[in-house]
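Undergrad: Just so you know, the sequences run in chain order A, B, C and D. Under the working numbering, think of the first position of the first sequence as 2, with each following residue one higher. Under the working numbering, think of the first position of the second sequence as 2, with each following residue one higher. Under the working numbering, think of the first position of the third sequence as 2, with each following residue one higher. Under the working numbering, think of the first position of the fourth sequence as 2, with each following residue one higher.
You may find that some hints are simply not true.
Identical copies look the same in the list; a pair holds intra-copy or inter-copy alike.
[Stated by the list, open to error] Under the rule of at most 25 Å between Cα atoms (straight-line distance), these lysine-lysine pairs were calculated in the BS3-like manner:
hint : residue 1 : residue 2
1    : K23       : K268
2    : K263      : K115
3    : K263      : K23
4    : K115      : K171
Hints in this document: simulated from the structure, not taken from any laboratory. If you're wondering where the values come from, they're calculated on a predicted model, not measured in any experiment.
Protein chains: 4
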Amino acid sequence: VFTSVHARPLAEVVGWARRAAKLGILTDRAHTPAHIAQTLLDAGVEDCRAVVVENLGLPDERLIDTRLAVLPGVADFAPLNVLLLIRASDWRPAPAFAPRPDDAYAHRCGLITKADVRALSLARLMLRETDTVWDIGAGSGAVSIEAAALAWRGRVFAVEHDAENLGYIKENIARFGALNVRVVEGRAPAALEGLPAPSAVFVGGTGGAMQEILARVAAAALPDCRVVVNLAMLESLHAAMAIMQTLGWSPQVTQVNIAQGKVIAGKTRLAPLNPVFIVSGVVQNVD
Amino acid sequence: VFTSVHARPLAEVVGWARRAAKLGILTDRAHTPAHIAQTLLDAGVEDCRAVVVENLGLPDERLIDTRLAVLPGVADFAPLNVLLLIRASDWRPAPAFAPRPDDAYAHRCGLITKADVRALSLARLMLRETDTVWDIGAGSGAVSIEAAALAWRGRVFAVEHDAENLGYIKENIARFGALNVRVVEGRAPAALEGLPAPSAVFVGGTGGAMQEILARVAAAALPDCRVVVNLAMLESLHAAMAIMQTLGWSPQVTQVNIAQGKVIAGKTRLAPLNPVFIVSGVVQNVD
Amino acid sequence: VFTSVHARPLAEVVGWARRAAKLGILTDRAHTPAHIAQTLLDAGVEDCRAVVVENLGLPDERLIDTRLAVLPGVADFAPLNVLLLIRASDWRPAPAFAPRPDDAYAHRCGLITKADVRALSLARLMLRETDTVWDIGAGSGAVSIEAAALAWRGRVFAVEHDAENLGYIKENIARFGALNVRVVEGRAPAALEGLPAPSAVFVGGTGGAMQEILARVAAAALPDCRVVVNLAMLESLHAAMAIMQTLGWSPQVTQVNIAQGKVIAGKTRLAPLNPVFIVSGVVQNVD
Amino acid sequence: VFTSVHARPLAEVVGWARRAAKLGILTDRAHTPAHIAQTLLDAGVEDCRAVVVENLGLPDERLIDTRLAVLPGVADFAPLNVLLLIRASDWRPAPAFAPRPDDAYAHRCGLITKADVRALSLARLMLRETDTVWDIGAGSGAVSIEAAALAWRGRVFAVEHDAENLGYIKENIARFGALNVRVVEGRAPAALEGLPAPSAVFVGGTGGAMQEILARVAAAALPDCRVVVNLAMLESLHAAMAIMQTLGWSPQVTQVNIAQGKVIAGKTRLAPLNPVFIVSGVVQNVD
Numbered sequence: 002v003f004t005s006v007h008a009r010p011l012a013e014v015v016g017w018a019r020r021a022a023k024l025g026i027l028t029d030r031a032h033t034p035a036h037i038a039q040t041l042l043d044a045g046v047e048d049c050r051a052v053v054v055e056n057l058g059l060p061d062e063r064l065i066d067t068r069l070a071v072l073p074g075v076a077d078f079a080p081l082n083v084l085l086l087i088r089a090s091d092w093r094p095a096p097a098f099a100p101r102p103d104d105a106y107a108h109r110c111g112l113i114t115k116a117d118v119r120a121l122s123l124a125r126l127m128l129r130e131t132d133t134v135w136d137i138g139a140g141s142g143a144v145s146i147e148a149a150a151l152a153w154r155g156r157v158f159a160v161e162h163d164a165e166n167l168g169y170i171k172e173n174i175a176r177f178g179a180l181n182v183r184v185v186e187g188r189a190p191a192a193l194e195g196l197p198a199p200s201a202v203f204v205g206g207t208g209g210a211m212q213e214i215l216a217r218v219a220a221a222a223l224p225d226c227r228v229v230v231n232l233a234m235l236e237s238l239h240a241a242m243a244i245m246q247t248l249g250w251s252p253q254v255t256q257v258n259i260a261q262g263k264v265i266a267g268k269t270r271l272a273p274l275n276p277v278f279i280v281s282g283v284v285q286n287v288d
Numbered sequence: 002v003f004t005s006v007h008a009r010p011l012a013e014v015v016g017w018a019r020r021a022a023k024l025g026i027l028t029d030r031a032h033t034p035a036h037i038a039q040t041l042l043d044a045g046v047e048d049c050r051a052v053v054v055e056n057l058g059l060p061d062e063r064l065i066d067t068r069l070a071v072l073p074g075v076a077d078f079a080p081l082n083v084l085l086l087i088r089a090s091d092w093r094p095a096p097a098f099a100p101r102p103d104d105a106y107a108h109r110c111g112l113i114t115k116a117d118v119r120a121l122s123l124a125r126l127m128l129r130e131t132d133t134v135w136d137i138g139a140g141s142g143a144v145s146i147e148a149a150a151l152a153w154r155g156r157v158f159a160v161e162h163d164a165e166n167l168g169y170i171k172e173n174i175a176r177f178g179a180l181n182v183r184v185v186e187g188r189a190p191a192a193l194e195g196l197p198a199p200s201a202v203f204v205g206g207t208g209g210a211m212q213e214i215l216a217r218v219a220a221a222a223l224p225d226c227r228v229v230v231n232l233a234m235l236e237s238l239h240a241a242m243a244i245m246q247t248l249g250w251s252p253q254v255t256q257v258n259i260a261q262g263k264v265i266a267g268k269t270r271l272a273p274l275n276p277v278f279i280v281s282g283v284v285q286n287v288d
Numbered sequence: 002v003f004t005s006v007h008a009r010p011l012a013e014v015v016g017w018a019r020r021a022a023k024l025g026i027l028t029d030r031a032h033t034p035a036h037i038a039q040t041l042l043d044a045g046v047e048d049c050r051a052v053v054v055e056n057l058g059l060p061d062e063r064l065i066d067t068r069l070a071v072l073p074g075v076a077d078f079a080p081l082n083v084l085l086l087i088r089a090s091d092w093r094p095a096p097a098f099a100p101r102p103d104d105a106y107a108h109r110c111g112l113i114t115k116a117d118v119r120a121l122s123l124a125r126l127m128l129r130e131t132d133t134v135w136d137i138g139a140g141s142g143a144v145s146i147e148a149a150a151l152a153w154r155g156r157v158f159a160v161e162h163d164a165e166n167l168g169y170i171k172e173n174i175a176r177f178g179a180l181n182v183r184v185v186e187g188r189a190p191a192a193l194e195g196l197p198a199p200s201a202v203f204v205g206g207t208g209g210a211m212q213e214i215l216a217r218v219a220a221a222a223l224p225d226c227r228v229v230v231n232l233a234m235l236e237s238l239h240a241a242m243a244i245m246q247t248l249g250w251s252p253q254v255t256q257v258n259i260a261q262g263k264v265i266a267g268k269t270r271l272a273p274l275n276p277v278f279i280v281s282g283v284v285q286n287v288d
Numbered sequence: 002v003f004t005s006v007h008a009r010p011l012a013e014v015v016g017w018a019r020r021a022a023k024l025g026i027l028t029d030r031a032h033t034p035a036h037i038a039q040t041l042l043d044a045g046v047e048d049c050r051a052v053v054v055e056n057l058g059l060p061d062e063r064l065i066d067t068r069l070a071v072l073p074g075v076a077d078f079a080p081l082n083v084l085l086l087i088r089a090s091d092w093r094p095a096p097a098f099a100p101r102p103d104d105a106y107a108h109r110c111g112l113i114t115k116a117d118v119r120a121l122s123l124a125r126l127m128l129r130e131t132d133t134v135w136d137i138g139a140g141s142g143a144v145s146i147e148a149a150a151l152a153w154r155g156r157v158f159a160v161e162h163d164a165e166n167l168g169y170i171k172e173n174i175a176r177f178g179a180l181n182v183r184v185v186e187g188r189a190p191a192a193l194e195g196l197p198a199p200s201a202v203f204v205g206g207t208g209g210a211m212q213e214i215l216a217r218v219a220a221a222a223l224p225d226c227r228v229v230v231n232l233a234m235l236e237s238l239h240a241a242m243a244i245m246q247t248l249g250w251s252p253q254v255t256q257v258n259i260a261q262g263k264v265i266a267g268k269t270r271l272a273p274l275n276p277v278f279i280v281s282g283v284v285q286n287v288d
């Protein structure tokens, strides 16, 4: 695979580096091999063979065969060059879809969208690689980060107002190199103003503003935008269903009861997660 | 994105066509633009602008600007050429992960891994784009086809012996253009002989041979191979857990209780799916 | 135990006959031994030794030692007598609390309060032997009949308007000898007018009149009356909770997910019942 | 209702006092009105009008009209007398079946058979008023005490070896006046030796001796003895089902998933109980 850093976010280059065994990157003055290498390593890309080809096709073509981990310290490449990443034969791309265990994320105790609920919510979002996603009430950012791995050539806006949660989101973004997640500090719906139109929306929390938030989503959404809401409270479930119904989104509701085996003294007990309701619909744009 | 049909399955070209807005394909004598176009269209790729560039860079370079749907009828291209697919500005790639509704698949009534159970099972398989997957007891093929969409540069072997199911699998493969699913007719474990080593294994049914099947998986698996077993029967659950325990795979069990809202006369009833146990583990290779 | 048919419903005598190994019944002109015996046998009391003592303590005292099943054909007892029922040594009283399998009741397919949901609903009603119970939307009458077995010295009013269901209720009352169940034909709340004040109310269906029905219950109930509502629809759940909240009844909600093992080919599958919500509260009487 | 303390446990008199508005008790030398009154009051029977009739029908017949709470201090009644309890017109008998909230019982945190699981387990035991019940692994004694309220003319043997639990059982027996519960200290099956043959058996815990315990039950049970086992561990579930199958008891399994609404800031969250498996069967006596 061959890509370029020109007019393209580095997040996408990181995405390619996670899935292509051999990757050619056309660099530019702003994004030197050193800068790109540092970005990749920070994002969790493992060290590997790296070849820089300066002045490709020109008489002074030069090939430097080194390691990715060495590049951040090297400053003196020619301005026009190609960076090649070459993986060993047993290298495997990153998982395409693999919700992480809850404990992999920094989060406030008990307050995280559980891995299996994330899986089912992401399934309903039907994300495409290029989607623009709003994650409203992002909490620890776990949904944002896993949405960003699916929509790796798009962007995810993690909207959250709680200071502790904002800290977790930033920590988790750094931990997992989710460069295409943008943190939006503030309360929805106010904080949604000015964001790029979404092609998919996840609502993990509303702070009591379900009506206003869904109205804002209705106004801003791209065609066929999918909206997935997670709810623990019966009253909120009722509100979400009624509002979506009124908006003409044909809400579908699923109750998820998951129990996980915990081994105690060699025997397996089923430990239940809190029941969650997932309500999903498709925005109907009004002309 | 630029790819080639040389020494590469057409399934991968189809995969690229589903996700790249602009795609260049280097053809060869065996895989002419007409052949490739027919394959793409059969696999569900929508018609789009198609440009064939013959003898690229040579004096007799020629550029034919047409539509993908026109190409299957055109036989007289030069042997060396490049096929370019160019999508409209509002084109979007296929969803990266989106389990289909059960009814999208041909299947024996009631006997299909339900969409949400597929989502949770695939989450546990942690598939990579290049994985080799065994789907043992493939049933209608729904899991195979959705695994194949995640492991789109790899292969999925759908192992099934029931004649009716085999018909469904083939129908569903055709319906969704899942070119990287191979149907393996026969009973496991015998039918597993000779298959390429798996990096992930899904077990939807065992026909009473759980022990033999998991032993065969243990012998054949690549390192870190994940195994995910779906079970409806309590006795089979017990067997799967005990066998995996003995094999040292540290089985994790999850019980999934999903209920889906069905609207009747304007009110929403929760209709439960049958409870399913998902047992997953990681093969421990013995040296 | 010694009881009398004077100023007391025969239903209570039936209740005593189900639980006392030795029972003396003081008869009167209207309720002769023949009549009582017929009533007991119709209600399912098994045949047993029966002794009639005429003119007890008088010079012409006479003792007839026979069987219960013989008595209905005997008309010529003295007007004042005592009927004694004497059970064999291995006789056991009827179960005190034992919800019957669903299939024991005549009912419209699928439309019966399931045995385990009955058990949990009756647990919340906290019935006393002398309670007056309203069963609103009685359906097949299963809840009425089992409530009547607990409140065996009280009465249960089974309110139902559907003709088919009314047939089932009457059939089930006869089948299980539930003499203290009164069938009230009509729609609640109208049909509730004139009924004795309830000490416990079960609501199995409302026909869309939840608000009016609970208001009527609020107006009619005895102090500390417990109200238990079964709900399958999310919208009705919301309505019931909101109405009870407004009435000050401190509603408690429970979601019941029961799955029952079904054996197929020697293995046990868990078959789920439809999820049911049970909302219960205590009427707050306003002075 | 008229009863006697002769050749009958006082527990049964307590039972009558809980359900009869008017109760006559024929006392004897060992069980004086003072003693009976103290027992009733200790068991939670409320104070009420009490009339003692000495030398009934004899020339020196004497009637003392007082209160139940006064009697324990009165020693000088004639040896032959009748104690009458007479309740006010608004008196109601005790509930016939009403599992108490978990917190009503002294218990080790988290380790109590939950109220709804008790209800479903008792439903399967189909207790009769005169049953002899074994409660094996009685824990806090909650099941024993509620079984004893149904089998109020029978006896319940609460078998437990844990010292802390034994303390809870005794405390709870005293708290709820469950005079017909006998505490059996020790481990089953050894502790079961010498107990009267059961007509119903509840198994709340086995300490790993499921096989031996059920074998002992099989050997000791009265005809048609019902056995109900509660299980949290998958491995134990499997063992219980297999053992009962082997014994020919036709085990029925039910999985119970209960979630209870908890109100937080005016909204209702569903809090799940741990899933419980209830396996029940009927002992097949071998001749």
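Undergrad: Classify it for me, K115 with K171: is the Cα-Cα distance of at most 25 Å met within a copy, between copies, both or neither?
TA: within (19 Å within a copy, 36 Å between copies)
Undergrad: Checking an output row: K263 and K23, CA cutoff 25 Å. Within, between, both or neither?
TA: neither (41 Å within a copy, 48 Å between copies)
Undergrad: Indicate which option fits the pair K263, K115 if close means a Cα-Cα distance not exceeding 25 Å: within, between, both or neither.
TA: both (16 Å within a copy, 20 Å between copies)
Undergrad: Between the shortest in-copy and the shortest cross-copy C-alpha distance, which are at most 25 Å for K23 and K268: within, between, both, or neither?
TA: neither (46 Å within a copy, 50 Å between copies)
Going through the hint list in order, the structure does not satisfy hints 1 and 3.
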